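Peer 1: Here's the letter readout for the chains.
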Amino acid sequence: MAETVTERRPAPGVWATYRMIAGMWIRSTLAYRASFVMMLVGNFLVTAFDFVVIALMFSQVRSLGGYSFAEVAFLYGTSTTAFGLANAVLGSIDKLGARIRDGTLDTLLVRPAPVLAQVAADRFGLQRLGRLLQGVLVLAGSLLSLHVHWTVLKVLLVPVMLLSGTAIFCAVFVAGAAFQFWAQDAAEVQSAFTYGGQTLLQYPPTVFAKDMVRGVTFVLPLAFVNWLPALYVLGRPYPLALPAWLAFTPPLVAAACLTLAGQAWRVGIRSYRSTGS
Amino acid sequence: MSDLIELDGVEKVFEVRRKTGRLRREKREVRAVDGISFRVPRGEMVGYIGPNGAGKSTTIKMLTGILTPSAGRLRVAGLDPSRERTKLAQRIGVVFGQRTTLWWDLPLYDSYKLAHRMYRIPDARFRENLDRCVELLDLASLLDVPVRQLSLGQRMRGDIAAALLHDPDVLYLDEPTIGLDVISKAKVRQFLRDLNAERATTILLTTHDLTDIEQLCKRVMVIDHGRLMYDGALAGLHEAGESERTLVVDLERELPPVQAEGARVVKVEGPRQWLAFPASASAAPLVAHIAQAYPLVDLSVREPDIEAVIARMYDGRPLY
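So the sequence lines, in the order shown, correspond to chains S and B.
Numbering follows our numbering, with no gaps: position 274 of the first sequence is 274.
Numbering follows our numbering, with no gaps: position 291 of the second sequence is 1291.
Chain S extracted, bound-state conformation:
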């Protein structure tokens, strides 16, 4: 009996897989250099336009929902940076539905590597850094112009908020992708929560109806991305009169969201049906 020739080594881990696949996609996009540069610039400009809209509003009014330009810029910067990071890491996971429809997910499933990492790195492109860069610039600008009495706690809360916010957005991306195992055309629904959520959080909660604020606090906990911690930094009360210590819970909320999203993903992949051929 022919023995197995090679010794079978354990499958690469999530990060190793991610780096391999992302590297392949970066080299693929660099095959079309001009298009890459245009995408990068385009990405930066399109997302920067969101901020131009806010700047234009403030050329007409002094405050928005009781918030100054610098304060809104802080919300905008934290939301866009957190989302930009999540989007850079696994933004194209919403293309999963297309891969399910055309059957190419099968080719990922027969590789000895975690599928989530492969799908997350799918079509990875450095042009996604355009959005992130724009968010970081606005955040830096707001930090320079804010009139806030900085304490150690507040200074520490900013990076914690950005990382937790990234994790929460990542969880939304993964949960949305898991949902596509049942509804392959759900990419638009997912976008409503990811891109829509990001835009919502760029504005102060006071401009929205109470029910909306309740929804993103208790149902889909996007408020923990930046609203709750950011209002603590800015020294503002939360519209639903919630206790101030909630400003420090984003890491816990993020961990819970990631766990749930991971579960949803596992259930999704087990119920995968593939295509006819």
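Where hints are given, some of them may not hold.
Output of the computed footprint for chain B on chain S, the stretches with three or more beta carbons under 8 Å from beta carbons of chain B [to be verified]:
hint: 1; region: 15-24
hint: 2; region: 107-116
Pairwise CB distance ranges (calculated) [said to hold, decoys possible]:
hint: 3; chain 1: B; residue 1: V1268; chain 2: S; residue 2: A98; range: 46 to 52 Å
hint: 4; chain 1: S; residue 1: F36; chain 2: B; residue 2: R1272; range: 56 to 62 Å
hint: 5; chain 1: B; residue 1: D1298; chain 2: S; residue 2: A98; range: 48 to 54 Å
hint: 6; chain 1: B; residue 1: D1138; chain 2: S; residue 2: Y32; range: 25 to 31 Å
For lysine-lysine, the following DSS-like pairs were computed, each having C-alpha atoms within a straight-line distance of at most 30 Å [to be verified]:
hint: 7; chain 1: B; residue 1: K1087; chain 2: S; residue 2: K95
hint: 8; chain 1: B; residue 1: K1027; chain 2: S; residue 2: K95
hint: 9; chain 1: B; residue 1: K1113; chain 2: B; residue 2: K1187
hint: 10; chain 1: B; residue 1: K1218; chain 2: B; residue 2: K1185
hint: 11; chain 1: B; residue 1: K1113; chain 2: B; residue 2: K1087
hint: 12; chain 1: B; residue 1: K1113; chain 2: S; residue 2: K95
hint: 13; chain 1: S; residue 1: K95; chain 2: B; residue 2: K1019
hint: 14; chain 1: B; residue 1: K1113; chain 2: B; residue 2: K1185
hint: 15; chain 1: B; residue 1: K1187; chain 2: B; residue 2: K1218
hint: 16; chain 1: S; residue 1: K154; chain 2: S; residue 2: K210
These are computed hints drawn from the structure, not numbers from a lab.
Only a predicted model underlies this, so the values are computations on that prediction, with no experimental measurement involved.
C-beta atoms are modelled at their ideal positions from N, C-alpha and C, and glycine is treated no differently.
Got chain S sorted already, so can you dock chain B onto it with the hints?
Peer 2: Here is chain B on its own, set in the frame of chain S:
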């Protein structure tokens, strides 16, 4: 335990929802695979055939761990495919004839480098396997070419090499010669024969091309409506299906249907006539008789079409 593939009463049921009204939907169960059992020992090369929608691909997808079976027991190389999918991936190679696993915009060699890293193939082994595939599949001049610029036949050979660099115990080939020209087909078949002989790689092959099976597989399994209809030698399949070959004769002019013993005319088109005769019979006496009795210009023999063989073979019940 030398059975590399084991299936015991494996089923896959899909629930299909159909719109029956503005809001009403009807749920229906489709049994894509309906209780299949078979075993494949190490080193065997098996043809797995059946009409479209018979359940071939569904079986392969369960064997690779892509789909979870609804019922039954399934083992490949001692592993439960859907539960130990990534572990199994190290032991199997898969070639989907209709979709490539190669990287479209990158040179062919880059896809192999990724396999090297992803399957963690020892360097010396990778070199050795790659050199062998490059030589036997004629890939040397293609390694630097972006995959999108390869022809279908070149890409298929590239895909087969990609599936073999990690020394899989089992190779699944889904329509490996679909759309290939005669020369490419011959190359691929020769390569598979060598691989099977030298490495004792177990090969499960689905195909529409009966010649693939004839040249490669001693054993053939036929599936239809999710059930195994036949499992045995190819020769037996012809008998079971009472399969017929076709003799096409071109006569000098239009004539009434040719009279010949052991054959019947199935079609006439001007001076050309089609005669069906049993696949087990020799064509020589038939040709001799016609050449003697009729003004014969040209002739050719057509092998039975696999779909036709299967269609004639059964009326819905297993034959063995």
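Peer 1: Each of the hints needs a verdict: does it hold here or not?
Peer 2: Cross-check of the supplied hints:
1. 15-24: With 3 residues in contact (Cβ-Cβ under 8 Å with chain B), the coverage given for the region 15-24 of chain S holds.
2. 107-116: It holds, with 7 qualifying residues against the three required.
3. B:V1268 / S:A98: 46 to 52 Å: Cβ of B:V1268 to Cβ of S:A98: about 51 Å, so the range 46 to 52 Å holds.
4. S:F36 / B:R1272: 56 to 62 Å: 59 Å, holds
5. B:D1298 / S:A98: 48 to 54 Å: 51 Å, holds
6. B:D1138 / S:Y32: 25 to 31 Å: The hinted range 25 to 31 Å holds for B:D1138 and S:Y32, with Cβ atoms some 29 Å apart.
7. B:K1087 / S:K95: Roughly 26 Å between the alpha carbons, so the hint for B:K1087 and S:K95 holds.
8. B:K1027 / S:K95: Cα-Cα ~28 Å, so holds.
9. B:K1113 / B:K1187: 24 Å, holds
10. B:K1218 / B:K1185: 19 Å, holds
11. B:K1113 / B:K1087: 20 Å, holds
12. B:K1113 / S:K95: Status holds; Cα separation ~25 Å.
13. S:K95 / B:K1019: Cα-Cα ~26 Å, so holds.
14. B:K1113 / B:K1185: With a Cα-Cα distance of about 26 Å, the restraint between B:K1113 and B:K1185 holds, given a limit of 30 Å.
15. B:K1187 / B:K1218: Holds, at about 19 Å.
16. S:K154 / S:K210: 26 Å, holds
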